[in-house]
Amino acid sequence: TGTYVGDSPLQLERANVFYNQSSGGRYVPRAILMDLEPGTMDSVRSGPYGELFRPDNYVFGQSGAGNNWAKGHYTEGAELIDSVLDVVRKEAEGCDCLQGFQITHSLGGGTGSGMGTLLISKIREEYPDRIMETFSVFPSPKVSDTVVEPYNATLSVHQLVENADEVQVIDNEALYDICFRTLKLSTPTYGDLNHLVSAAMSGVTCSLRFPGQLNSDLRKLAVNLIPFPRLHFFMIGFAPLTSRGSQQYRALTVPELTQQMFDAKNMMCASDPRRGKYLTACAMFRGKMSTKEVDEQMLNVQNKT
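Under the working numbering, think of the first position of the sequence shown as 8, with each following residue one higher.
Read the hints as simulated data drawn from the structure, not as lab findings. Note that beta-carbon positions come from the ideal geometry of N, C-alpha and C, so glycine has one too.
Simulated restraints, written as ranges between beta carbons of each label pair:
id: 1; residue 1: E300; residue 2: P157; range: 41 to 47 Å
id: 2; residue 1: R188; residue 2: D224; range: 32 to 38 Å
id: 3; residue 1: N307; residue 2: R282; range: 18 to 24 Å
id: 4; residue 1: N27; residue 2: R257; range: 36 to 42 Å
id: 5; residue 1: F235; residue 2: E263; range: 29 to 35 Å
id: 6; residue 1: E58; residue 2: C213; range: 22 to 28 Å
id: 7; residue 1: L306; residue 2: G57; range: 45 to 51 Å
id: 8; residue 1: R188; residue 2: L306; range: 28 to 34 Å
id: 9; residue 1: K227; residue 2: C102; range: 16 to 22 Å
id: 10; residue 1: P16; residue 2: G73; range: 46 to 52 Å
Distance condition first, Cα-Cα at most 30 Å in a straight line; then the derived DSSO-like pairs of lysine-lysine:
id: 11; residue 1: K227; residue 2: K295
id: 12; residue 1: K311; residue 2: K284
id: 13; residue 1: K284; residue 2: K299
id: 14; residue 1: K149; residue 2: K284
id: 15; residue 1: K78; residue 2: K129
id: 16; residue 1: K191; residue 2: K272
id: 17; residue 1: K97; residue 2: K227
Hey, can you work out the whole structure from these sequences and the hints?
Written out as structure tokens, the structure reads:
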């Protein structure tokens, strides 16, 4: 319903990073939902969070993209893009100091890949100096919906290389594996997969929303992680991930967390980091941590061969 239930002043201190407070006191997410067909919007509206979003921020077409990248990028998407940009402009004008944009989309279908990359390039034109961060769900060989996924993804990656600042690489196969192997869920739903992605999204921005020893943000993340401008595709590792049954048997120490987050089983894309080299890595810790312990563990990771 958009009302805050709780008594922590820290939660409300920077609620305006992601939410606008309306005159009635409710918090409205600064989010825009767009699609080329109305079905997905209807399911969000009728779901538990339907009342949360501003009605004007639902922007949708009628015909769908039919898993066709060109439809999303050049025909159907191009017709809808102006009305999306109007809403983006309204939201951006309501910000005091706009840090950047976070976009979640998939690269396997037609809308997320074709229209998603069109939106990124249009926002890039209008806000060239703001950070563009995307959470892109790449197609995976074992979990495939459509035959044309590789084409859509290939066309999109070219756009992401040129127009995005940070791309967090996610794929459904790795998320399913995390749910099966680590969280021990027998039949994971898309809600479970989305929960994992939202945990990573929340982690990246928690330094904007809570006080901490290091004041990191999206731009500092980019500056520290990207050695060459076109190499901005990040793998996400998340910890702690434990099944509900075994939670009480695990100690959340800094060494344990560090070991977990660099483990291939905790990566949100199905790529084994042991078969390549890390160019850069960034570790973000939340909660009460000893900086000395964290530094020791980071040194430990660097010295591993």
